[in-house]
Amino acid sequence: MSPELILFLVLSLVAIAAAIGMLISPNPVYSALFLVINFSTVAVFYLILGAPFIAMAQITIYAGAIMVLFLFVIMLLGAEKLAPGKVLPYQKPLAIGLAIVLMVESVYAVLARNPSDAEIIVPTEAANSIDAMRDLGIMLFSDYLLPFEVTSILLLVAMIGAIVLTKRAKGEQE
Amino acid sequence: MIPLSWYLILSAALFSIGLFGVMARRNAIAILLGIELMFNAVNINLVAFWRYLDPTIMNGQVFAIIVFAVAAAEVAVGLALVISVYRNRKTVVVDDLDLLKW
Numbered sequence: 131m132s133p134e135l136i137l138f139l140v141l142s143l144v145a146i147a148a149a150i151g152m153l154i155s156p157n158p159v160y161s162a163l164f165l166v167i168n169f170s171t172v173a174v175f176y177l178i179l180g181a182p183f184i185a186m187a188q189i190t191i192y193a194g195a196i197m198v199l200f201l202f203v204i205m206l207l208g209a210e211k212l213a214p215g216k217v218l219p220y221q222k223p224l225a226i227g228l229a230i231v232l233m234v235e236s237v238y239a240v241l242a243r244n245p246s247d248a249e250i251i252v253p254t255e256a257a258n259s260i261d262a263m264r265d266l267g268i269m270l271f272s273d274y275l276l277p278f279e280v281t282s283i284l285l286l287v288a289m290i291g292a293i294v295l296t297k298r299a300k301g302e303q304e
Numbered sequence: 006m007i008p009l010s011w012y013l014i015l016s017a018a019l020f021s022i023g024l025f026g027v028m029a030r031r032n033a034i035a036i037l038l039g040i041e042l043m044f045n046a047v048n049i050n051l052v053a054f055w056r057y058l059d060p061t062i063m064n065g066q067v068f069a070i071i072v073f074a075v076a077a078a079e080v081a082v083g084l085a086l087v088i089s090v091y092r093n094r095k096t097v098v099v100d101d102l103d104l105l106k107w
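Sequences listed follow chains A and B, in order. First residue of the first sequence: 131, per my numbering; consecutive thereafter. First residue of the second sequence: 6, per my numbering; consecutive thereafter.
By construction, these hints were calculated from the structure, which means they are not laboratory data. Hints may contain errors.
Unchecked claim - In silico SDA-like pairs for lysine to any residue, Cα to Cα no more than 20 Å straight-line:
| hint | chain 1 | residue 1 | chain 2 | residue 2 |
| --- | --- | --- | --- | --- |
| 1 | A | K222 | B | M28 |
| 2 | A | K297 | B | K95 |
| 3 | A | K297 | A | V287 |
| 4 | A | K297 | B | R94 |
| 5 | A | K297 | B | S89 |
| 6 | A | K297 | B | E79 |
| 7 | B | K95 | A | K222 |
| 8 | B | K95 | A | L201 |
| 9 | A | K297 | B | A85 |
As the structure is a prediction and not an experimental result, all values here were calculated from the model.
Bound conformation, chain B alone (with noise of 0.2 Å):
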């Protein structure tokens, strides 16, 4: 059986490159990307949780399914806002949307 530390180590790989891609990239969508990619890292753990602890309680694949319910609303509204900014703007770079900054 795989030591449950590894699961966690994977997970939190993924979850620091997402950071970075939510961090460091300039377009919109690349930054809905990368936060994709950190909703994924935490699905892993609560998997991964659920099997090593007991897995006769189905809590952890019933978060699991949740989040995959959330991370599908927040993409559909996440790219609604992209289109409607770009429509206005004509730009999804997410550097040239200051209209808040003075």
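Isolated chain A, as found in the complex (with noise of 0.2 Å):
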């Protein structure tokens, strides 16, 4: 086995189990701790594919700011003590049994797929370089300039929605 498959298997053994930590801990703030762990391994998966910005990038905007957002809210709220209600009792045998048949049903279409592995040639240039760092730039502002500049226009759209969502109306007390 070579070191990058062994650092492959343990990787997804860390993923999993975190995410799976994520969703049997009763208390969202370990749930999100969880899955700050998720992200990070999964940052690594994204250096190990010779793709380091979006590795960066996952690390600041995914384990840096969401998850901070995600700890703030859950601690201005005190939701960590979940408030006893009525339960569907069929809802969660329903959705194990649909995310097992998600995930049977993708690995299948993986697994049966035309070409398997043995047939794609992977490109072995090393893609893990500055250039294909400035590729990424140029084409993000060449081939994609459209899409970007409406995802920046989105992005203010959630900022000024998030905004008027969360004011009091005036005179309003807590």
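From the two separate chains plus the hints, produce the assembled complex.
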């Protein structure tokens, strides 16, 4: 087994264990922290694949900004204690069944696809270089200029929406 | 080199776990966490296909960056909605938000 393979297997185990830990921990703070572990391992996957910019963006945007926002809201609302309410009895078994069906189906689709792994010629040139990053920037600002600008408008709309939704009306008391 | 299908299977596993979280959790914030996990699984697929098909064309990475931006926007609005709902109803349990049910 090559070191790359061992790294991949260990990282996938950590990623899946963190994802399951996120699901089964009843406290949302622990869920969020498990998800940070998962995001960090996914960033290492991007490094293995030769996409360092995506890996760093994953760390700063996901593990940094988004999860801090999550933790802020969880602690702001004091949502760690979940009030007992009425529960659908069939919700959890149904969710497990549907998730397993999706998992089996997609694994089958991957394994049965054509061409199989042996037939794919993997490009071997080093993708892990400054050139690839420069190409990424050039492509983002030439071929994908319109989607890029639309994304900036989307972020602006999201920002305004978040402010409007959380703003209190004038004179309203907490 | 790791076979492409391993990345796809890992991504399918993470996506299914995220889907289970969305369907089975009752806390609105935990549901948003599950959605984040699903976004991540999609991104692994995009970057893996970029690497294994043609690394000189950067389409996959561009898509991954756009998915990052959309995920950030989704989280900002989603958490604002959760805060707004909590102000009005004093709960984040989605089972209790049955105003539209009759």
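>> Please verify whether K297 (chain A) and R94 (chain B) have alpha carbons no more than 20 Å apart.
In response: Roughly 16 Å between the alpha carbons, so the hint for K297 (chain A) and R94 (chain B) holds.
> Holds or violated: are the alpha carbons of K95 (chain B) and L201 (chain A) at most 20 Å from each other?
Replying inline: It holds: about 18 Å lies between the C-alpha atoms, which stays within 20 Å.
> If you draw a straight line from the CA of K297 (chain A) to the CA of E79 (chain B), is it 20 Å or shorter?
Replying inline: The given pair, whose Cα atoms are some 18 Å apart, holds under the 20 Å limit.
>> Does S89 (chain B) sit within 20 Å of K297 (chain A), going by the straight-line distance between their CA atoms?
In response: 9 Å, holds
> Does K297 (chain A) pair with V287 (chain A) here, judged by a C-alpha cut-off of 20 Å?
Replying inline: Holds, because 15 Å separates the two Cα atoms, which is no more than 20 Å.
>> K297 (chain A) and K95 (chain B) were given as a pair; does the straight-line alpha-carbon distance stay at or below 20 Å?
In response: Holds - the C-alpha atoms of K95 (chain B) and K297 (chain A) are around 16 Å apart, at most 20 Å.
>> For a C-alpha distance cap of 20 Å, please report whether K95 (chain B) and K222 (chain A) respect it.
In response: 25 Å, violated
> Does M28 (chain B) lie within 20 Å of K222 (chain A) when you go C-alpha to C-alpha?
Replying inline: Holds, because 8 Å separates the two Cα atoms, which is no more than 20 Å.
>> Can you confirm whether the C-alpha distance between K297 (chain A) and A85 (chain B) stays at or below 20 Å?
In response: 9 Å, holds
The structure fails to meet hint 7 from the earlier list, while all remaining hints are met.
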